[in-house]
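Hey, can you work out the whole structure from these sequences and the hints?
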Amino acid sequence: MAKKPIKNIIKLSNDLRWQIGDDFHDNLAEGIYADAAELVSNSVQTDSGKKRFRLDSKIDKIITSKTWGFPLMFLILGVVLWLTIIGANYPSGMLAQLLLDTIHPLLKSGASSIGMPWWLDGFLIDGVYLAVAWVIAVMLPPMAIFFPLFTLLEDFGYLPRVAFNLDALFKKAGAHGKQALTMSMGFGCNAAGVVATRIIDSPRERLIAIITNNFSLCNGRWPTQILIATIFIGAVVPSSVSGLASVGAVIGIAILGMVFMFFSSWALSKTVLKGEVSTFNLELPPYRPPRFWKTLYTSLIDRTLIVLWRAIVFAAPAGAVIWLISNIMIGDHSIAYWMINGLDGFGWLLGLNGVILVAYIVAIPANEIVIPTILMLTVLVTGIAGGEGAGVMFELDSVTATGDILRAGGWTLLTAVNLMLFSLLHNPCSTTIYTIYKETKSAKWTTLASIAPVIMGFVVTFLVAQIWRLFG
Amino acid sequence: MKEKKVNSACETCPEYSANGLKKLGVNIENTDYVVALAGNPNTGKSTVFNALTGLRQHTGNWPGKTVIRAEGAFEYNSKKFKLVDLPGTYSLLSTSQDEEIARNFILFGKPDVTVIVVDASRLDRNLNLVLQILEITDKAVLCLNLMDEAERNNIEIDERTLARDLGIPVVPTSARFNKGIPELIRTVNEVAHGIIFCDPHRIKNVPDNINKAVKKLSAELKKQFPGIPNSRWIAFRLLEGDKRIIEALESGELV
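As you go down the protein sequences, you meet chains E and R in turn. Using this note's numbering, read the first sequence as starting at 4 and increasing by one per residue. Using this note's numbering, read the second sequence as starting at 81 and increasing by one per residue.
Honestly, the hints are just simulated from the structure, not real lab data. Treat the hints with care, as some may be off.
[Unchecked claim] What follows is a set of in silico ranges between Cβ atoms, one per label pair, in the way DEER data are often shown:
1) E/Trp71 with R/Glu109: 24 to 30 Å
2) R/Asn157 with E/Gly255: 57 to 63 Å
3) R/Asp218 with E/Leu303: 41 to 47 Å
4) E/Ile79 with R/Asn234: 26 to 32 Å
5) E/Lys447 with R/Lys303: 44 to 50 Å
6) E/Gly24 with R/Lys303: 55 to 61 Å
7) E/Lys175 with R/Lys303: 51 to 57 Å
8) E/Leu58 with R/Asp218: 49 to 55 Å
Positions of the beta carbon are idealized from the N, C-alpha and C atoms, including for glycine.
Below is the structure:
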């Protein structure tokens, strides 16, 4: 488009700017407020200033107080997780029974009755179908409980209070206080958390928030944490307190994630992303009683089903890949066997094993399918009874059965602890990586955000394994 | 999306209000009018958006939840309206990305109607943004949302005085409970069609020296860009040295 000659206008505005002086911005802002005040005094009547928001400020005094703010925050998170863990058990079992014990054999016999070749039947039913069924049985119930609870808290107005509580910590880390909000969004989904960083004005602080969002445990990783904590952490304490111990372990991991977030924000702001901390106003909105049923409905439809659908879309091809790598032979053994053997040494150093590392490679698109993949591969290499053969993701309707298989595969408490740590500290899923690239438009920062967590994961698990073995 | 068959002549009559509304969801093609939803954070813009389009844009009780422009559509009396949900901002005078998205859309997107959603129980704080938007655009409707909360806090608002002072129609709503939405749609429709004529309030309490400078600059702008609708606001921005506005003047985007 042709440029218009506006030199004279620019010159005029520059001259005028000199005449009106520096405080133009403030004068204008004051003028606007004066107008607003006049308008309000003409048309708004308040009964008495005293009564307004009394209850709100009373609640705020408690949940944003120095003494009670943090304990209450952890208590609320604990209750939400506890309800999720306890509540998800039964529907998970029922879904597993239906999808895996009932429908899977039906499909198998149906396939053999129409004379489907073994490889097609295996690829489709044992690979694709089982992966999808597993994801539904394991993920749907906890999400259907966790998301509505989280959304109710959000509607009530709790999130800005969390931001308020964490503000001082973020400031110390050289980051923006609003990062507390994007971090909370990350607890739902890191990709959503990364998009939410747009509320941060300063590019420097926004980059910090983007790069460190992955340390918020996302919903793809909650189920892994919950399952491993239930099996191993819950098993080493008396059964009466096993529920509490598992919840405690999961909260511990979530808090550790926050510690890493603060630490890496601080490290970034002291090195490559130096700069001043910007100040901002955070409005604490009034508490609003959530519209219970509406919230329940929308969080089920919008969040739960959308996330579940995404998991299924990724699980189906991953199921196919798993079936293929465990059925295609090179020499005497399957591809999966060779991969696991090749990575076992490195895995041992990290207090993990080859199976877990292979599972993470297969599951890069979706964190949700890590656990089923690990189980299937464990059965494959240990050759224990329980699975249904190479590349078949099988059902484990009881947590004890899962535990038995993992222990038979040589798992210890160390493996479990390090898996929880590694699940927290590894690269973001492919959707999040893509989102980071879209938001930063920079290959450099995207690479840093993707690689740095894996390196931290390697270092942390390595150190834990060495110390554990030294004293264990 | 459910579509109702027309059963009687009543349904084509504007007075049929809410039922003259067809929620079109994301079907935003071939729309007759563009409506922008602006306002402070956490005043319920997304809730109003959902009530009008039948979409389920995520809502939540915290400021800054909508960061990207969401678009949807509805049909009223066989005219199609595209609705754009803008990020909530306290002002249009700074440079964060969400504020720029909102500002640029109102300025360059030239919506046919801008619905400014405000929190009725915190009108004083919300008017800051309202007055800035009214400097940019003529066709606006004030949606006095969260009336239920204002009532609970014993706040009374004289809507007619407010409408007269602001020079734009004022519609009280409680979008969470779908209250006032039919009236809002009717008003938006009337502003879009020019049935209601807006004569918006312009900021008065400006110091003399600034006023003089702005007048000079805005006269020059009008001379060079005849028909420019918001010369005064552009003059404000030029005095502030807003690079994006200078660019827009050069490229002719503004006229």
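Quick rundown of the hints versus the structure:
1. E/Trp71 with R/Glu109: 24 to 30 Å: 53 Å, violated
2. R/Asn157 with E/Gly255: 57 to 63 Å: 59 Å, holds
3. R/Asp218 with E/Leu303: 41 to 47 Å: Since aspartate 218 of chain R and leucine 303 of chain E have Cβ atoms about 43 Å apart, the given range 41 to 47 Å holds.
4. E/Ile79 with R/Asn234: 26 to 32 Å: Holds, at about 31 Å.
5. E/Lys447 with R/Lys303: 44 to 50 Å: 48 Å, holds
6. E/Gly24 with R/Lys303: 55 to 61 Å: Violated - the Cβ-Cβ distance for glycine 24 of chain E and lysine 303 of chain R, about 26 Å, lies outside 55 to 61 Å.
7. E/Lys175 with R/Lys303: 51 to 57 Å: Holds, since lysine 175 of chain E and lysine 303 of chain R (Cβ atoms, about 54 Å apart) stay within the stated range.
8. E/Leu58 with R/Asp218: 49 to 55 Å: Distance hint for leucine 58 of chain E, aspartate 218 of chain R is violated at roughly 41 Å.
In the structure shown, a violation is registered for the earlier hints numbered 1, 6 and 8, in ascending order.
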